Structures are given as C-alpha cells and as structure tokens.
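Spelled out from the first residue to the last, the chains are:
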Amino acid sequence: MENLERNRLLRLAMPWLVMIVFFAIWELACVVFAIEEIILPRPSKVFEVIVLRFDILLKFCLQTLWSTVIGFGLAIAGGLLLGLAIGASPFVYSGLYPLLIAFNAIPKVAIVPILMIWVGVGFLPAIITAFVISFFPIVVNVATGLATIEPEMRDVMRSLGATRTEILVKVGIPRAMPYLFASLKVAITLAFIGSVIAETVGGNNGIGFLMLSAGARNDAPTTFAGLFAIAIMGILMYAICAWFERRMTKWAFRGELVS
Amino acid sequence: MVDQALVELRGVKLAYGVGRDSTLAVDGLDMRIGKGEFVAVVGPSGCGKSTLMKLVTGLLPPTSGEIIVHGQTVTKPIKGVGMAFQNPTLMPWRTTMDNVLLPMEVVEPHKRRFRRHRAEYEERAMKLLRTVGLADFSQKFPWQLSGGMQQRSNLCRALIHEPEILMLDEPFGALDAFTREELWGVMQALWLEQRFTAVLVTHDLREAVYLADTVYVMSRRPGKIVLVQQVELPRPRTLASTFEPAFVDLVHKLRDRIHLEHA
Ligand SMILES: Nc1ncnc2c1ncn2[C@@H]1O[C@H](COP(=O)(O)OP(=O)(O)OP(=O)(O)O)[C@@H](O)[C@H]1O
Ligand SMILES: [Mg+2]
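Top line first, the protein sequences correspond to chains A and B.
Residues 1 to 259 in my numbering are what the first sequence spells out, letter by letter.
Residues 1001 to 1263 in my numbering are what the second sequence spells out, letter by letter.
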C-alpha cells in the first residue's frame, strides 16, 4: 500500500525532475563549453529576463493567447460542422475530403503573406492562421468518429424507426465526442504554431513579434524567454483541453476508472 | 396453419455482397406468422437466422422474394417492432437506464411525452429492470455490466415500448441455465399479458418448445425452412412441463431433424 502511494508521488514528480535535470545540463553545458550568450543563453539568464521583463512578456503573451484562442474557437465550430457533414454524408465526404487533404498539404507559412495583402497586419492574420492550421485535425477526427459508427448501433436506431437526424444526434454526435476531444489537444498546439508563425512572418504584436524584434537586436535571452512563454501557454491550454476531454467523455476512458 | 398472417415471407432470398464474393445466406424462405403468435426459429450456426430477423424488420432488403407485414411489402425499416440483437449493442455513453429508455426518445407517441413524463417512464423502465434482476444496476454503464447483464438490459430495451412485433435474436444466449429458465417464465408471462407477435431465435430446443406456438427449423446455409412444428402444449407452461413426455418428445423430434443438417 505504502509502495503504491510512493509510486504515485514519484509519477507525479517525474516531469518536474526531468525538467530540472534538463535545465541543469543545459546550464552546465553553457558554462563548461563557454557558449556565447548570443548563440545559446544559459537558462538562468533566460529566467532572469522573464522576471525582469515580466510585464512586457505578459502583454505580448496575452496578445498571442487571444489570437490563438479565437482562431482555435473558430476552428472548433467550423471543424465540428464540416466534420459532421463529411462524416454523415458519403457525398460530402467524397466531394470534400480530397480538397481538404490538398489544402492541408499547403505549408501554412506560405499563406501568411497572402493574408497580409488581404487583411493587413495586426491580429487578423494570426487569428486566421491559427484557425486554418488547427481546423484540419478537428474535421478529420470528427468525420472519422462518425464514419466508424458500428453498423449494429445504427441498426438499433433504424429498427426503432429513427430518422437520419435522430441517428446523428443520438449516436453520431456522442460517438464522435471522444474523437473531437482527442483532436483538440493536437489542434490547440497547432493553433499556437499558427499564430506565432503569423506574428513572426509579419505582425506588429504578439510573442512572435517580440521574439523577432529581440532577435534583430541580437537579444538572445529575450528570444528564448519568448520560446519559454509559448511552451508554458501551450502546456496550459493542453491541460485545459485534456481536462475537458476527461469530463465530457468519461465513458471512453472506462479502463482507467478501475484503478 | 394461420389464416391471417401478420408477417409473411414469400420465396425470400438474400445474398450478402455481389459478384464472386457474395454469400447466399437464405434462399427460398417461406413463412407465415399470425398476429399474436409466438414463433421460435432454430437451426445450425450460420444458417441465416440473424439475417432472417433483419429481413423481417426491413433492415435488409431481400435480394429477391417478398416480405409482407400488415399486408404491406416491406421496403424500409418498419415501425412498431422491438428488436433484441444478438450482440447487445448498448450505447457505452448511456447508463443502463438511459439505454433502456432509448426507444422512448425515438418511438411515437412516447417521443412527444418523454421530456415531461420522464419520471413515469423511468418507473416503467425500473419495473422491467427489476423483473430481469437489474434494479441495482440502472445507473451503471454497459461496460460495468457482465455479458449476461448486458443481454438482459438489451432485452429490456426491446420490450420497453411494448411493441406489436418482438424480434429476439438469442436473447438468453449468454445466461446461466437458472437465470435463463427464470426468464422463460418472465417472457411467457409478458406474452400472455400483452399477446404481441414474437419471433425468437435460439439454439436451445427446450427454450423453443417452452415458449413457442410454432417452431421453425432451418437448414444449413443457404437457410430455408425444413420443418414447421406446432407446439400445442397447454399454457402457462412451467419448468415441470419441460419434463413431461409430450414436451420431451417434441424436443427429440426437433433434435433429430437438426441432426440431419449436420450430417
Ligand atoms: N454483413 C455480412 N456480410 C457478409 N456475409 C454475412 C454478413 N452477415 C452474415 N453473413 C453470412 O451470412 C450467413 C448467415 O449469417 P447469420 O448471421 O444470419 O447466421 P445465424 O444463423 O444468425 O448464425 P448464428 O446462429 O451463429 O448466430 C453466414 O454464413 C455469414 O457468413
Ligand atoms: Mg445469429
């Protein structure tokens, strides 16, 4: 019993231990090999910058967070709708799926300049890029969830005289939920990539812009502070998505309820 | 036989798939099932019994031949049936209670009343669950139930909306002998009370004779009817009647016929 408890604590502590070791090695390597700060700043230096310039970092972080969350929210709404349409109808599926794949193959960096021509600089390109990049996994997952409904489940509904809409509402959507939530964890990370790319390629706000201007000043510690900030935001949003997933689709995690 | 058929199959043939890959599941199937009749279908595994159930409910269109229910040719899933599928297919995101209540959310006229009279319907579902011994599990999810318990919930789901036609595909297959025999009694009592039309697929010949008015024996795949056996034993039948000579003789007769299919 005591052993189990210790195992549990150890499991919880593991990520932190690994992180501490990682930073320690990094710090040590910088000192031992006398790496110049402009190439790779020591993590202690980066943390120092984070503390010193916390207000500025926070301001730019919040800008990025907003663009990301708005783009991500739009992607959920759009992805859910399109995913349901694709999964529910073989015609929409055969018509749109190849297009979606082709669209997803386009490197999203390439569309930022085009977006800037269309909507100018500012928040919009970041929002749109975040949307575009996180849209695809959501659509594909929701469509997969619908398309893989057990035929028996559909037969149960059909034998009761259910309409197509009823089958979609009572079986399709609940069945697609675990797929949707699984995709959200992937999509939120992608959304961050999208908004930061847009800010880096051509923006006047957000953490990507901050990193770019710091880089131009050869201010490596600030650039790295920006990287850390993105990572932290990514983890936070991921955790929120994972928490929602747990809550909304308990039944799909059935095995883990035993322990 | 029956003069007024509720369900009629005329030369029904069904092939799964097309071309060289196709499997002929049933061929030349003829049946006449009267209103309020309890029919049992027995036959070797893979002979097309489940297929027959799906044909009658309109879930599968026949390759050729005709299926008539209520005097009308079946072309799409028919209304007013309750079906217990061979594998329970309960929805994992619903509790046992919600699974059993599913037909109420879909079938008229309950559908319209369901939201406002939920408590009343829950009471009804609870009563059914109690008769199959699942009262304590109404708030559990299907994956928290054993295979036999899932089958019993499945049976409740087929019964809850008191359908006119009840299709039961091996509903007692995963149960122990005692529970099974207990449920025969429950099933018979329900039937005596409501007089629905029932089609029961089973591998258990005693079960068939206990419950049915008519037992149909199917041949090996492609399935067709090779024997129609009336069971004219008095009702209600009890476990004691299963040991009476008339009962045992019938079971032996059916067994001998099925043995021919395995030869
Ligand atoms: N969806 C399907 N696609 C192709 N072939 C099928 C399909 N379903 C059933 N079959 C074939 O049709 C035949 C009859 O199947 P069916 O499920 O009706 O048998 P059954 O009499 O219910 O058997 P059991 O007693 O084992 O349940 C089998 O040989 C099977 O291989
Ligand atoms: Mg079967």
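To be clear, the hints were calculated from the coordinates, so they are not data collected in a lab.
Remember, it's a predicted structure, so these values are computed and weren't measured experimentally.
Be careful, since some hints might not be right.
Only part of the chain A face toward chain B is listed, based on derived beta-carbon distances under 7 Å [as the list claims (entries may be wrong)]:
id: 1; residue: Ile149
id: 2; residue: Glu152
id: 3; residue: Arg154
id: 4; residue: Ser159
id: 5; residue: Ala162
id: 6; residue: Pro174
id: 7; residue: Met248
id: 8; residue: Trp251
Ranges of calculated distance between the beta carbons of each label pair, as one might list FRET restraints [what the hints assert, rightly or not]:
id: 9; chain 1: B; residue 1: Val1248; chain 2: A; residue 2: Met248; range: 53 to 59 Å
id: 10; chain 1: B; residue 1: Gly1148; chain 2: A; residue 2: Arg247; range: 29 to 35 Å
id: 11; chain 1: B; residue 1: His1070; chain 2: A; residue 2: Thr148; range: 32 to 38 Å
id: 12; chain 1: B; residue 1: Gly1036; chain 2: A; residue 2: Thr148; range: 36 to 42 Å
id: 13; chain 1: B; residue 1: Gly1147; chain 2: A; residue 2: Thr148; range: 19 to 25 Å
id: 14; chain 1: B; residue 1: Thr1075; chain 2: A; residue 2: Ile240; range: 46 to 52 Å
id: 15; chain 1: A; residue 1: Val109; chain 2: B; residue 2: Ser1022; range: 49 to 55 Å
id: 16; chain 1: A; residue 1: Ile235; chain 2: B; residue 2: Ala1177; range: 52 to 58 Å
id: 17; chain 1: A; residue 1: Phe91; chain 2: B; residue 2: Ser1022; range: 43 to 49 Å
id: 18; chain 1: B; residue 1: Gln1194; chain 2: A; residue 2: Val92; range: 55 to 61 Å
Cβ coordinates follow ideal geometry from the N, Cα and C atoms, glycine included.
Item checked: Contradicted hints - numbers only -> 1, 3, 7, 17 and 18
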